[in-house]
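Q: Those protein sequence lines, which keep their order, are chains R and W. Residue 23 in our numbering sits at position 11 of the first sequence, with consecutive numbering throughout. Residue 112 in our numbering sits at position 100 of the second sequence, with consecutive numbering throughout.
Simulated from the structure, these hints should not be mistaken for lab results. We put the CB at the ideal spot given by N, CA and C, even for glycine. Worth double-checking, as some hints may not be accurate.
Taking lysine to aspartate or glutamate and the DMTMM-like style, the derived pairs with C-alpha atoms no more than 25 Å apart in a straight line are [said to hold, decoys possible]:
{"#": "1", "chain 1": "R", "residue 1": "LYS92", "chain 2": "W", "residue 2": "GLU273"}
{"#": "2", "chain 1": "R", "residue 1": "LYS26", "chain 2": "W", "residue 2": "GLU105"}
{"#": "3", "chain 1": "W", "residue 1": "LYS279", "chain 2": "R", "residue 2": "GLU224"}
{"#": "4", "chain 1": "W", "residue 1": "LYS16", "chain 2": "R", "residue 2": "ASP176"}
A few chain W residues facing chain R, derived, Cβ under 7 Å [what the hints assert, rightly or not]:
{"#": "5", "residue": "MET13"}
{"#": "6", "residue": "SER28"}
{"#": "7", "residue": "SER113"}
{"#": "8", "residue": "LEU116"}
{"#": "9", "residue": "THR117"}
{"#": "10", "residue": "PHE119"}
{"#": "11", "residue": "LEU277"}
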Amino acid sequence: MIKINNVSKIYEMKEGNNPFKRKKIEKLAVSQLNMQIEKGKIVGLLGVNGAGKTTTIKMISTLLEPTSGNITIDGEDVVKNRMEIKKRVNMITGGERMIYWRLTGRENLMYFGKLYGIEKSVLESRINKLVSLVGLEKSIDIPVERYSKGMKQRLQIARGMINDPDYLMLDEPTLGLDAPIAKEIRTYIRSLAEKEGKGVLLTSHYIPEVEELCDYIYVVHEGQLLFEGTSKTLSSQVFDTKKYVFETSALKDEKLKAFYDFAQSLQANIQIDEEDGLQRIVLESRLDCHEALMNYIHKNRFLIHNFRVDEADLESSIIELSRRLA
Amino acid sequence: MFWKSMQATFVRNFTSQIRAYPMSFFIGNLLTALYSVLSAWFMYQLLFKGQLNPSFQDLAGTSDYISYVIIGSAVYALSVRTCLNVSRSLITELREGTLESLMLTPFSRYGYFAGNMLQQTVTSLAEVCLAFLICIPFGFQAGAFSLGGFLIALGASLYAFFGMSMVLGAVMLYTRDTYISQNTLFVFMYLVSGVLFPSGYLPNALATVTRLIPLGPALDVVRASVFGIESQSSFISTITFLLVIGTLYTGVGFISMKHIENIALEKIFG
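Whole structure, please, built from the sequences with the hints as guidance.
A: As structure tokens, then:
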């Protein structure tokens, strides 16, 4: 398990245009962060740009050292046992960097595999497996500079898997990929966690991807942890009302007035739109009105055409959260 | 891990170089060697009229100025090619966006730099040999060439160049500059390390400082192995000096490089 205990990261930077009079400034990128990533689980790390997501991923991947606090992977400190930890984690970022453009895809994978000290026979069979996974069979032996953006990203994913890591940090892993390939990659990420028991930390601006894949979510803002839990608990914390939406034959006069009274008794707001002889009714309340509403509809013999309960999805929760913090 | 990192880096660099050989850079180096020898030849033939001050023989250990300059230019080209490419290996990774993927792996630093050095040595030796062949018609004479002495001198020189390139690499990575740092050093080396004239002509203080740059002692031992080793003990002490200074530079370079790598990775964000 990866445990992040009270981790903070401060960057020291220099500011000013005069090279002889540059002012040293400190930027707090991550503040007192606590997180856990279990093997076999996919954990999402969400936040707007500059929230500290990439810094967190880089600290776990041994690229950066925390300024304070500690990170342990299966009980081993990432700073003290850096070389050992490197064999067990890897990081995949979105974009076209982190690979050598003058080498072919296979040469890239061979190079990185050798830097991990992997035996040639193991490496060759692993490369073949990864190449087929990311769909680069036809182009694996041509130089990367001739690859499209999506092909480079797929090679990046193969590079990130080359050491068969126990924990994988994915920073926008499907950025720039075509929808079918992105879907395949998501399926593979899911199988990595479920079948191979790998722990995955995922950041993505494509929220449906996070919603689809993540068992647990951390939301950070300006380096601080804002929320942790499942996407459902996030939605219920951000949006404290539920919407009941149904269509019925037009309610008139006394029946309509009685419905307004009923809604008031549930402390609900209602909105009614009428079209083609049907009324679309939206009843919004902090209370759980489901049973009471069903009983009311049944008792008053409403002819219902459609009924659904709108619960906020992760994307609207994140948008709402960002709006509140802005 | 050392051997795997070294072999992998050697193959990677070689493959990249074959695929995109820097022909203009090669021609530039070839021309530098050629111009040095050509200008020395014109000076010697037209200005000095083939006459040299007797002190030249005392300080240079030979009266053959053209051969002196040809060896000076060849060894200088070798030192520049190896130092330049090894020292900028990490900053090149930073610029090409591969530093992070490299640093994610548990690679051996020694193996990585040794692989870079080995590949550069092979390529540079081939280039320098070619430059040397072009310069031979200007009047090169080997004198009393000692193959064993030459190989020892070459090995010790390359080791010292490797150490210097580690320190230079750390400076480049920290300042994120290759142009000013490398060109300042290389021009200084060219002027004071005995490429065109013995450093004994320089003021004492400057001559002492130049001994700290491996090119000067490297030229002494390579020239001695070509023109004839007059003093065995002097040859051995210079070889020892090159090995010591190479080890010292390698140590300082590696320690500072490790620290500067962390700074460089943080600067990617900052």
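Q: So, for every hint listed, does it hold in this structure?
A: Verification of the hints:
no. : hint                : result
1   : R/LYS92 / W/GLU273  : holds, 17 Å
2   : R/LYS26 / W/GLU105  : holds, 23 Å
3   : W/LYS279 / R/GLU224 : violated, 34 Å
4   : W/LYS16 / R/ASP176  : holds, 18 Å
5   : MET13               : holds, 5 Å
6   : SER28               : holds, 4 Å
7   : SER113              : holds, 4 Å
8   : LEU116              : holds, 6 Å
9   : THR117              : holds, 4 Å
10  : PHE119              : holds, 4 Å
11  : LEU277              : holds, 5 Å
Hint 3 alone, counting from the list given before, is not met by this structure.
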